[in-house]
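Start counting at 1 in the sequence shown, then tack on 10, and there's your number in the working numbering.
These are calculated hints, taken from the structure and not from any lab test.
Just so you know, not all the hints are guaranteed correct.
Stated by the list, open to error - Think about it this way: if two alpha-carbon atoms lie no more than 20 angstroms apart in a straight line, the pair counts; the simulated EDC-like pairs of lysine to aspartate or glutamate are:
#  : residue 1 : residue 2
1  : 381       : 406
2  : 288       : 265
3  : 339       : 406
4  : 284       : 235
5  : 404       : 389
6  : 164       : 317
7  : 351       : 408
8  : 381       : 121
9  : 71        : 98
10 : 246       : 196
11 : 223       : 265
12 : 381       : 331
13 : 404       : 419
14 : 339       : 408
15 : 254       : 121
16 : 284       : 331
17 : 183       : 366
18 : 19        : 265
19 : 420       : 402
20 : 420       : 366
21 : 288       : 243
22 : 425       : 331
23 : 164       : 265
24 : 163       : 13
25 : 164       : 121
26 : 183       : 193
27 : 42        : 29
28 : 404       : 360
29 : 183       : 159
30 : 424       : 408
Small disclaimer: the values here were computed from a predicted structure and weren't measured.
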Amino acid sequence: MAEVDDEAKQVSYNVVRDENGNVKLDCPAIGKQFAAEEISAQVLRKLVDDASKFLNDKITKAVVTVPAYFNDSQRTATKDAGRIAGLEVLRIINEPTAASLAYGFEKKNNETILVFDLGGGTFDVSVLEVGDGVFEVLSTSGDTHLGGDDFDKKIVDWLASTFKNDEGIDLLKDKQALQRLTEAAEKSKMELSTLTQANISLPFITATADGPKHIEATLSRAKFEELCSDLIDRLKTPVNNALKDAKLSVSNLDEVILVGGSTRIPAVQETVRKITGKDPNVTVNPDEVVSLGAAVQGGVLAGDVKDVVLLDVTPLSIGLETLGGVMTKIIPRNTTLPTSKSEVFSTAADGQTSVEINVLQGEREFVRDNKSLGSFRLDGIPPAPRGVPQIEVKFDIDANGILSVAAVDKGTGKKQDITITGASTLPKDEVCYQ
């Protein structure tokens, strides 16, 4: 729940915690609560229905794209959403990687490209080598809490603050007014991509004993960029990190590809120019390039597209908790997928007959600063002095970026597999076509 606290304040509906601590969207009008997977499934189902009507054929399989910086839980939840929508999800593919597939599909020359993907809610950067059918991701970085919605919020807060100063009324506490402010903010943001100022008109935004109140405001592009200066600054670090992890400098880049509607913001484009020293490539449609790349991947999996090799990476390191609350990394970030890695550990105390294995994802040194993906216990270890038992922990990450873990006591052969319990917010019987 802590992950979405800030976002929950920006929406006009109620975000609550269920009895298991999972995030749900509360719909009191119909007396139901929905998991994010169920809402996502409705969106997928609408897309499937529209495509089925257009193609006059039933659709049962899909390639689904996700932000590159999604963790294991988010990827599993996305796959669950596909199942709820009645789809067999053949592959989960990272959005910048999909964009590179669309861009480089017919290119023969080798190029080093940087994909800068700023969408509605997330920001990803990937550096890739593309050419002659091979698409190799060298590194990826990002921010899952930065996107167009944050730019909208800056305008919402500005409008609400101005109104509160003038009228003494806090519109952010009025759900209906907040929804109207958000819609007006998004509209003005989009207008400022082509115009130098936008007019905002919200009649009857609220009412007092003195009568109805209205908002009439003009937002200049310069003021918008001033409001969003901290967001623009946050774009720089993931780009620099991706280049550093790829062991490249900006001079090594052949092209910079912009993906996502938020890259139409002039200040964003100017920031990309300043960071990379290059004019972004504008030959691809930032709204469509990811879905086109997913279609190419679908063609590869169906056997219709030949001679395409996609080598993606894991965006975050995987490891486990060891003595002292320290995270020991097993699979470093930007490891090519699929991958498998094992390490041998032992007990921390004399006579210890079981071990608790806590699987983590992240880059920080201490357990508390990383995300726990789940934990499991390996029992039945014969009593022995500490450090004597040999416990092999094996990590497997598939081509979708989804993790499975197994632990084996090498002395007895006893094995325990993990089901990442924290990965899904729904019971297994609810993760089916509805």
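Cross-check of the supplied hints:
Proximity of residue 381 to residue 406 is assessed by CA-CA distance (about 18 angstroms); at most 20 angstroms being required, the pair is judged to hold. In summary, the hint linking residue 288 to residue 265 is supported, as the alpha carbons are separated by about 8 angstroms, within the 20 angstroms threshold. With a C-alpha separation of about 14 angstroms, the suggested pair residue 339 and residue 406 falls inside the 20 angstroms cut-off, and the hint holds. Restraint check: the Cα-Cα separation between residue 284 and residue 235 comes to about 16 angstroms, which is no more than 20 angstroms; the hinted pair holds.
Using a Cα cut-off of 20 angstroms, the hinted pair residue 404 and residue 389 holds, with the two alpha carbons roughly 17 angstroms apart. As the CA atoms of residue 164 and residue 317 are separated by approximately 46 angstroms, the hinted pair breaks the 20 angstroms bound. Between residue 351 and residue 408 the CA atoms are separated by roughly 12 angstroms; this keeps the pair inside 20 angstroms, and the hint holds. Taken as a hint, the residue 381 and residue 121 pair is broken in the structure, with Cα atoms around 35 angstroms apart against an allowance of 20 angstroms.
Taking the CA atoms of residue 71 and residue 98, the gap is near 5 angstroms; set against the 20 angstroms cutoff, the hint holds. Under the criterion of a C-alpha separation no larger than 20 angstroms, the hint pairing residue 246 with residue 196 is inconsistent with the structure, at around 23 angstroms. Pair hint residue 223 plus residue 265 does not hold up; C-alpha atoms about 50 angstroms apart against a cutoff of 20 angstroms. For a cut-off of 20 angstroms, the pair hint linking residue 381 to residue 331 stands: about 11 angstroms separates their Cα positions.
Under the criterion of a C-alpha separation no larger than 20 angstroms, the hint pairing residue 404 with residue 419 is consistent with the structure, at around 12 angstroms. Of the pairs offered as hints, the one joining residue 339 and residue 408 holds, with about 18 angstroms between alpha carbons and a cut-off of 20 angstroms not exceeded. Restraint check: the Cα-Cα separation between residue 254 and residue 121 comes to about 18 angstroms, which is no more than 20 angstroms; the hinted pair holds. Taking the CA atoms of residue 284 and residue 331, the gap is about 41 angstroms. The hint is violated against a cut of 20 angstroms.
Among the hinted pairs, residue 183 with residue 366 is inconsistent with the structure: their alpha-carbon atoms are about 45 angstroms apart, more than 20 angstroms. Taken as a hint, the residue 19 and residue 265 pair is broken in the structure, with Cα atoms around 38 angstroms apart against an allowance of 20 angstroms. For the hint pairing residue 420 with residue 402, the CA-to-CA distance comes to about 7 angstroms; that is within 20 angstroms, so the pair holds. Of the pairs offered as hints, the one joining residue 420 and residue 366 holds, with about 16 angstroms between alpha carbons and a cut-off of 20 angstroms not exceeded.
Between residue 288 and residue 243 the CA atoms are separated by roughly 18 angstroms; this keeps the pair inside 20 angstroms, and the hint holds. A hinted pair counts as satisfied when its Cα atoms are at most 20 angstroms apart, and residue 425 with residue 331 qualifies at roughly 19 angstroms. In summary, the hint linking residue 164 to residue 265 is not supported, as the alpha carbons are separated by about 31 angstroms, beyond the 20 angstroms threshold. A distance of roughly 17 angstroms separates the Cα atoms of residue 163 and residue 13; the hinted pair therefore holds under the 20 angstroms criterion.
A threshold of 20 angstroms between alpha carbons decides the hint, and for residue 164 with residue 121 the separation of about 37 angstroms lies outside it, so the pair is violated. Distance restraint check for residue 183 and residue 193: the Cα-Cα separation of roughly 16 angstroms lies within the 20 angstroms cut-off, and the hinted pair is therefore satisfied. Distance check on the hinted pair: residue 42 and residue 29 sit about 14 angstroms apart at the alpha-carbon level, within 20 angstroms; holds. Distance check on the hinted pair: residue 404 and residue 360 sit about 24 angstroms apart at the alpha-carbon level, beyond 20 angstroms; violated.
Restraint check for residue 183 and residue 159: the C-alpha separation of about 18 angstroms stays at or below 20 angstroms, so the hint holds. Restraint check for residue 424 and residue 408: not satisfied, since their Cα atoms lie roughly 24 angstroms apart, outside the 20 angstroms limit.
When held up to the earlier numbered hints, the structure conflicts with 6, 8, 10, 11, 16, 17, 18, 23, 25, 28 and 30 and fits the remainder.
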